Structure formats: C-alpha cells, structure tokens
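Residue-level listing of the chains:
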Amino acid sequence: MGLINPATASESGETTVVSEMSPNWVTTRLDFLTNWARSNSLWPMPFGTACCAIEYMATAASRFDIARFGMERQSFSPRQADVFICAGRVPFKLAPVLRRIWDQMPQPKWCISMGACASSGGIFDNYSMVQGIDTIVPVDIYVPGCPPRPEGLMYGILLLQKKIRGESIVDEQLRQEQLVGPDGLFRPAARVDELSEPFGNSVHQTRSSS
Amino acid sequence: MSTAPVSPSAAALRASFGDAIERVLVSCGDTIVYVSRARAHDALAWLRDTPGQDFNYLTDITAVDYRDPERPLEVVYQLRSLARRADLRVKIALDKRQPLEVATVYDLWKGADWLEREVYDMFGIRFAGHPDLRRLLMWETYAEGYPLRKDFPLRGHFSRSEQTRQALAANPEAHYSLEELSIAEAFAELPKDMQERLARGERGFIR
Amino acid sequence: MSLRTVELALATPGLDEPGKPTRIPLGVAEPPGAHFDEDFGAEHMLVNLGPQHPATHGVLRLVVELEGETVKRVIPHIGYLHSGFEKLGEYRHYNQIIPLTDRTDYLSPMANNVALALAVEKLMGIEVTERCRVLRVIACELSRIISHLVWLGTTGIDLGAFTPFLWSFQERERVYNLQEAWTGARLTTSLTRVGGMMADIPDGWDQALREFTRTFPSTLDEVDTMFTRNAIWIGRTQGVGALSREEAINYSLSGPMLRASGVDYDVRKDRPYLGYEDYDFDVPVGEHGDVYDRYRVRLEEMYQSNRILEQALDKLRPGPINVDDPRVVLPPKGRAMSDMEAMIYHFKQVMEGVKPPAGEAYLGVENPKGELGYYFVSDGTAKPVRWRIRPPSFINLASLPKMCEGALLSDVIAINASVDIVMGEIDR
Chain A
1003 MGLINPATAS ESGETTVVSE MSPNWVTTRL DFLTNWARSN SLWPMPFGTA
1053 CCAIEYMATA ASRFDIARFG MERQSFSPRQ ADVFICAGRV PFKLAPVLRR
1103 IWDQMPQPKW CISMGACASS GGIFDNYSMV QGIDTIVPVD IYVPGCPPRP
1153 EGLMYGILLL QKKIRGESIV DEQLRQEQLV GPDGLFRPAA RVDELSEPFG
1203 NSVHQTRSSS
Chain B
2 MSTAPVSPSA AALRASFGDA IERVLVSCGD TIVYVSRARA HDALAWLRDT
52 PGQDFNYLTD ITAVDYRDPE RPLEVVYQLR SLARRADLRV KIALDKRQPL
102 EVATVYDLWK GADWLEREVY DMFGIRFAGH PDLRRLLMWE TYAEGYPLRK
152 DFPLRGHFSR SEQTRQALAA NPEAHYSLEE LSIAEAFAEL PKDMQERLAR
202 GERGFIR
Chain C
1135 MSLRTVELAL ATPGLDEPGK PTRIPLGVAE PPGAHFDEDF GAEHMLVNLG
1185 PQHPATHGVL RLVVELEGET VKRVIPHIGY LHSGFEKLGE YRHYNQIIPL
1235 TDRTDYLSPM ANNVALALAV EKLMGIEVTE RCRVLRVIAC ELSRIISHLV
1285 WLGTTGIDLG AFTPFLWSFQ ERERVYNLQE AWTGARLTTS LTRVGGMMAD
1335 IPDGWDQALR EFTRTFPSTL DEVDTMFTRN AIWIGRTQGV GALSREEAIN
1385 YSLSGPMLRA SGVDYDVRKD RPYLGYEDYD FDVPVGEHGD VYDRYRVRLE
1435 EMYQSNRILE QALDKLRPGP INVDDPRVVL PPKGRAMSDM EAMIYHFKQV
1485 MEGVKPPAGE AYLGVENPKG ELGYYFVSDG TAKPVRWRIR PPSFINLASL
1535 PKMCEGALLS DVIAINASVD IVMGEIDR
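Protein chains in written order, with this note's numbering: chain A, 1003 to 1212; chain B, 2 to 208; chain C, 1135 to 1562.
Where hints are given, some of them may not hold.
[Said to hold, decoys possible] Facing chain B, a subset of chain A residues (Cβ under 8 Å, in silico): (1) 1065; (2) 1069; (3) 1070; (4) 1098; (5) 1127; (6) 1128; (7) 1129; (8) 1132; (9) 1133; (10) 1138; (11) 1140; (12) 1180; (13) 1182; (14) 1187; (15) 1195.
[Said to hold, decoys possible] Okay, derived cross-link-like pairs now, DSS-like style, lysine-lysine, Cα gap no bigger than 25 Å in a straight line: (16) 1489/C x 151/B; (17) 1206/C x 111/B; (18) 111/B x 1536/C; (19) 1165/A x 1111/A; (20) 1467/C x 1449/C; (21) 1482/C x 1256/C; (22) 1256/C x 1403/C.
The set of hints was computed from the structure by calculation and includes no laboratory data.
Nothing here was measured: the structure is a model prediction, and the numbers come from that model.
Glycine included, C-beta positions come from ideal geometry on N, C-alpha and C.
So here's chain A without its partners, still in its complex pose (with noise of 0.2 Å):
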C-alpha cells in the first residue's frame, strides 16, 4: 500500500501509485515539522506586473501585512525564493521571462497565481496575453479577482498553507521539476488550447463592428 495520488484517482478508476513507501509515524512526525516551517516562512517572488501588484504591495504595506505569515521578506532574487506569485497579466513577450524565473526557484518552490489575468487571461482575450499562466508553469493557487482584494490575497496564502501542511516526503513526485518540454511546450498543446478557449463574455465580444 504506498501513498495514492488522488488527482487521477477517479479518471479512470485505476489508482497510480506516487510512492511504494508508505507514510509512518516517522515520516509523519517529519512531515509535520518540515510543513511547519515551510508554510510560515514562505519567502516570495513578487513577479509583479500589472494592477494586482499594486494591490499586493498594499498587502505587503502595513494594513494588511503579510510580514505576520512569514512572508516579511520579499526575495526579488528567485533563488532565494519559496513562492511565485505571479501578480499581474503576463503578455506572450514576458512569458519566456516568467518560465527562465520559475525555472531559476530552487525546489520547495510554490505557486501562487494572483488576479484573473494570471490565472486565466482575464478581460485580456488578445493576441498578446497569455491566457492563464498555468499553460506555462505549473500553479498550486488561483486567486481570482480582479484585482484581489487583499484579503483574498492573504485567503489564498492560508490556502497555500494548508495545502503545504498537507504535503508528504514520501511523495516522490511532488518535488520534481516540471520542465518545458522538447516540443518547446510546458503542456500538451491541445491543452493549452483547450485552457485558452475564450468564456463567458469573451466569447460574444469579438465582433469589431456592430
């Protein structure tokens, strides 16, 4: 019986087995201080572009404060960097950057994908924005919002958190690299398309004349 990874564990009624060890009371004993501290010391890597940056400054600022989950220092070096969040729309000419920057964070690195366009292109429809950073790295947090307030913001660092608590070492897959591939694709292309398909409004609103 070793450790189940639940994501695929309903596609196809099959089970894939993540790790042939199974958590004991050691490991879980190790768990529970690892998670610890690293879910109350996650350093950031504000990649911040846009509106949602300015709104995680003022996260950062003194009314909010992220500085009391541990998240005091801001590491603008990605090698010093636990957290990505990537706070802002990200056009096609940023993306190489973003990817060389995630590529850059040593592991445990998180992901946290702030605001609608992040997450998924937003009001940003267009030849230029990437519909959603997660064609491009991998993404642990969605916070939407357009931009967040800076409660939803700190809501989904307490997520984060507790999906970090959450965390085993026995699961070998977790702490692997996710590279682009040789097809110069992070995901398969039909899925990106797939995650790129216009919704909601976006599908009506592409007629330039009425």
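Once you have looked at the hints, place chains B and C on chain A.
Here is chains B and C on its own, set in the frame of chain A:
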C-alpha cells in the same frame, strides 16, 4: 461640426504648399489637415519653424486603419504650439496598395522616436530615416503580423499553443547581449544565408 | 571595439534528453590572452536590469552599457506588459471601454475614467451637469494624490528610504476606503459613464473626504521633513538626470517632468476642462529639470491637489449627476416601463450601446504622470474605429537614454524613479 472655426494654420499651409494640402476639415472643434506624403516632412518642418506657427511640441503620432478596406491608412500627427496654445492635426493618407512608408520627423522632434517605432510595430508603416526602427511593444522577431491592422484578428493568426510555443522559444536574453551587439556590428560582413537566417529570428551563440 | 569573429551555430537550445536541458558551452571567439595589445578592460560591460527587478517600477528592461561605473548607453526595452488595449477597444462599446481604462494607469484609475468619459463626450458634443463636473474634479485630484504617493514611496525605496513607503501606502488606504465606498472597488473603479457617473457619492462621503483633506498635509509635512533638506537625498537627486527646457519640449515630455524643466505647461491651466479655471491653485514649476526638482514639483502638487479638493467640496451642490440625454443615459425605470419613447431609448442603448456620430476627437487631460490623451475615431457605430491612448509615461520614458548619458549606475535608478512610469500605460 462645420460651425467650428478652422485653425488659421490651415490657410497658411495652403498658401505655402498649395496642392500638397489635400483636404482640410474640422471635427469636434479640432482642425485636421491632410498633407501629401511627398511634402509632409516639409510641411511639418514649416509648421515647427515658421514664426507665427511655432508648433514646437509634438503631442502624438499614431495611425488609423479604417474598417472599410478601400480607405487608405492614415498617419496622424498631433501638433501643439505651447506659446500660442493652439493645436493642429496633420494626417498623411497612405494607399494600401503602395509601400507604406513616410519620412521620419525624428529630426524635428526627438519625441517621435518611440512614437514612430510603435506605429511601425502596430501598423507596419516604415519611417524612412528613423535611426532605429525596430519593433517596440511586440518582440523583435514577432511573426504574426501588425496587430492594429483591421485584417489582423483580435486573437491573432496562430493558435494559442503555437503562440505559447513561439513565445517560450523567443530567448529574450539575446536582445541585447554582447553576442548580439557583435553580430549587429558585424552584420554587413556576414554571409548572405546567415543574414537571412538572422533576419528570420534564429539566434545562436558564439563558439 | 574590435570586431570578433562570429561563428554561428544558429540552433535554438532545447533538451538533449528528456528532462535535461542542453548544456550550452560558454565559448569565446578567441582564446583569452590572444590580444595582449588590446586595452585591458576596454570592453564595455552590459548590465541587464529587469524585466523583473524591484527598482524598474514594473516590467521594464534596461540594458545598460557601462564603462566602469559610468553609463555609456541605456537601451530600454518595453512591451513586457503589452495587453492589446487599443485593439480591444475596437471590440467594445464606449461604456465598456471604461473598465479597460482602469487598467492602463492603475495607479490613478479614476483620472483615466474621467478622461475617457470626457473624450467621448467631446466626440458627442455633450456637456455634463455641474455636480458631475465637481465630482469628476474630486476624482481627478484624489487620483493625483494616490499616484504621487506611490511615486513617493517607491522612489524612497529606490534611494534607500523604506519608511515613507509605509506612510504613503497608509494614506493610500484612506483614499482606497473612499474609492471603495463610492464605486465598490479599491482599484479598478470604473467610475464614470458617458454623460455622467456610475453612482453618486454615498451619504457622509464628503465628510470623510473633508477629514482626509484636513489630516493629509501633515503626512506630507513629515515626508518634507524627511527628504527635502536631507543631505543624502540632495546628494542623490540634485544635478542628476537634468533636462533643459528645450530638450524637454523637444522630447514631448509632459506633466511634472516638463514642469520641473521650467516649462509652465499644465493642461488644467492652459486648456481647462471640468471647470478648472474656477479653482484657485498654483502649478509648481521647477528650474533645473533634475530629479530633485521633479521631487519638489510632485510634492507641491499634492499640497495643491489637497487645496483643490477642499474647494471642490465647498462647491458641491445637490443635483443630478447624469446628463438628461437619452442618447447616452438610460431613462429612469419608471418611465421606461410606461412611456413608449423612453422604452425605445432604453432598448436601443442596451442593445446597441452609445453611438457617437462619425468623426474624431482628441482630448488631453492633466493626469498625474503627464498629459493623457484619448483620440477616438468613430464611424457612427457603437464601437470605435480607433482608440488611441496618448500615454504620458511612454513618451516621458523615451527620454531616459538622454537623461542617463554620463550618469553613474546608481543614478540610473534615481532617474528611472523620477520619470514616474507605470508600465500598464507604457505598454498598453
């Protein structure tokens, strides 16, 4: 809107340039003067340097592509005279069947530098004599076309996965690195096929 | 610089085997030491700042060519936030463009909303009501204050002073409370509509604003004490990045950048809109055009904005905020349900949107960053043929290479901070 007064600069331009002034009209209180492409630079220089005109401030340069594909592309110059508190809009109509090229006004106003680069990037209009006409907002090897043209669809020509792939392969560190500056300075001496491959956007590294 | 032999493999680096990136050997054209007659250190060093960098104020990339610590050349690369606003505008009704304007200059969203409504109203020949004008002046001046506060805080951080950042963001939170009470949103306000506003101010809002104007100057006084006669601040900002009057005009600068260089041009005074000619305020004009003068100009502008806010509050009278024009404003619900003509107007507006006549209009307003201009070309339909944003920070930033000539590397940071850029507006 024909009750609004026409700027006196229009009549002065007509007096100095005659037929090169194709049309004068007023819209929402602003005077618009259409100048022929050949004499546009002279007209703009005249507007800047003539005492009594003194349009020493270039507010904006942009372009307009109309929905009707038969209408020409227009390059729009917003000029201002700070001393006289006067505005003027000068336009050049470019027939889409001819090469889209106008003379730069960088020598008249330095502010035209990035404004003209952006017009080139978004519309494909070349500015002859511009010191550094490269794409500005899109990456330099952007292959999909000129985004603000009306024949360019909102979501671009390529599929999202193809756009993502091209974006991730763009290698922004190549612009500028010492490698690229060396390549740029040695460009004329490079063999023809290498020049073509560079122009297509392939990037290499120095061995 | 001697020409090095360039041999190009012209291959895009990819992956050797699954999961392992290609190792690109760091090669040089000739073995080191081959040219002893070359001056040692004659090569200029290229330093890359950004696009992800704390001090570039957004996703700006500066490639700085250095000789030692002196800057030989600065090449700014922009476009890392290009969002296709102008293209999107061609696919939106005029009122639907207003939320787009929040996101261009996201430091002063209400000012952009006002500017867009004014531009469309110029296109349509509409005059808004008196109360709407006063409320819009309040919105513009509040936006000026919050934009300058961000500039102040981030410039302080760039030059080594962290505390004013917290002060300025605390003041911004007070304005955010006001914005949120009025529009429902802290940042993306979408305040105006063509012909009026989205909503009137709630009860007690004007008292809250008066309280803000009463206490805000004391924060500015604290900042003034910290910076204005501070030796470190003066040493880092005086004489740095100076532009002469003629250069400032020729580079089409606007706003505080232009006024710091001694050009007395403010759109509110020279081409008054929203009744600015009836307000009593001064426009600070600098002398040397360096970073220090820009700081003084912006600080003083905040005091003046406070002054305008107090006057606007005195001018505020009860009345309608939307113009009574069925082309742009929905008729009241009761009438739309009972009167045929009103119902038809309601239907046309909701289904087709606001339709300006064919024509074009350019309108410039004094945004905190400079002159923001909106240029609309309309063909009589509900969506514009062309929506052009004349971005003040874009044009101001283009003068950065000129300002950085001969400066030191740390001056580049100070000069970049003094331009007061917002990448959303630059890249659109």
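We went through each hint and held it up to the structure:
For residue 1065/A, the interface hint is violated, the least distance from its beta-carbon to any beta-carbon of chain B being 35 Å, above 8 Å. Below 8 Å, beta-carbon pairs count as interface contacts, and residue 1069/A has none with chain B, the closest being about 33 Å; its hint is therefore violated. The interface hint given for residue 1070/A is violated, since its Cβ lies 36 Å from the closest Cβ of chain B, which is over the 8 Å cut-off. The interface hint given for residue 1098/A holds, since its Cβ lies 5 Å from the closest Cβ of chain B, which is under the 8 Å cut-off.
At about 7 Å, the closest approach between the beta carbon of residue 1127/A and any beta carbon in chain B falls short of 8 Å, and the interface hint on this residue holds. Because the closest C-beta pair between residue 1128/A and chain B is about 5 Å apart, less than 8 Å, the hint holds. Because the smallest distance between the Cβ of residue 1129/A and any Cβ of chain B comes to about 3 Å, under 8 Å, the interface hint for this residue holds. Hint on residue 1132/A holds. Least Cβ distance to chain B is approximately 7 Å, under the 8 Å limit.
A hinted interface residue such as residue 1133/A counts as satisfied when its beta carbon comes closer than 8 Å to some beta carbon of chain B; here the least separation is about 6 Å, so the hint holds. Proximity of residue 1138/A to chain B holds as hinted, the smallest CB-CB distance being about 7 Å (cut-off 8 Å). With a least beta-carbon distance of about 15 Å to chain B, the hint placing residue 1140/A at the interface is violated under the 8 Å criterion. Checking residue 1180/A against chain B: minimum C-beta separation of about 14 Å lies over 8 Å; hint violated.
The beta carbon of residue 1182/A is positioned within 8 Å of a beta carbon in chain B (closest approach about 6 Å), and the interface hint is therefore held. A cut of 8 Å between beta carbons decides the hint on residue 1187/A: the least distance to chain B is about 5 Å, and the hint holds. At its closest, the beta carbon of residue 1195/A sits 5 Å from a beta carbon of chain B; the interface hint therefore holds under the 8 Å criterion. Taking the CA atoms of residue 1489/C and residue 151/B, the gap is near 20 Å; set against the 25 Å cutoff, the hint holds.
Proximity of residue 1206/C to residue 111/B is assessed by CA-CA distance (about 19 Å); at most 25 Å being required, the pair is judged to hold. Between residue 111/B and residue 1536/C, the direct Cα distance comes to roughly 10 Å. Compliance with the 25 Å bound is thereby established for this hinted pair. Distance restraint check for residue 1165/A and residue 1111/A: the Cα-Cα separation of roughly 12 Å lies within the 25 Å cut-off, and the hinted pair is therefore satisfied. Between residue 1467/C and residue 1449/C, the direct Cα distance comes to roughly 30 Å. Violation of the 25 Å bound is thereby established for this hinted pair.
Between the alpha carbons of residue 1482/C and residue 1256/C the distance comes to roughly 21 Å, so the proposed pair stays at or under 25 Å and holds. Distance check on the hinted pair: residue 1256/C and residue 1403/C sit about 19 Å apart at the alpha-carbon level, within 25 Å; holds.
This entry does not satisfy hints 1, 2, 3, 11, 12, 20, going by the numbered hints stated previously.
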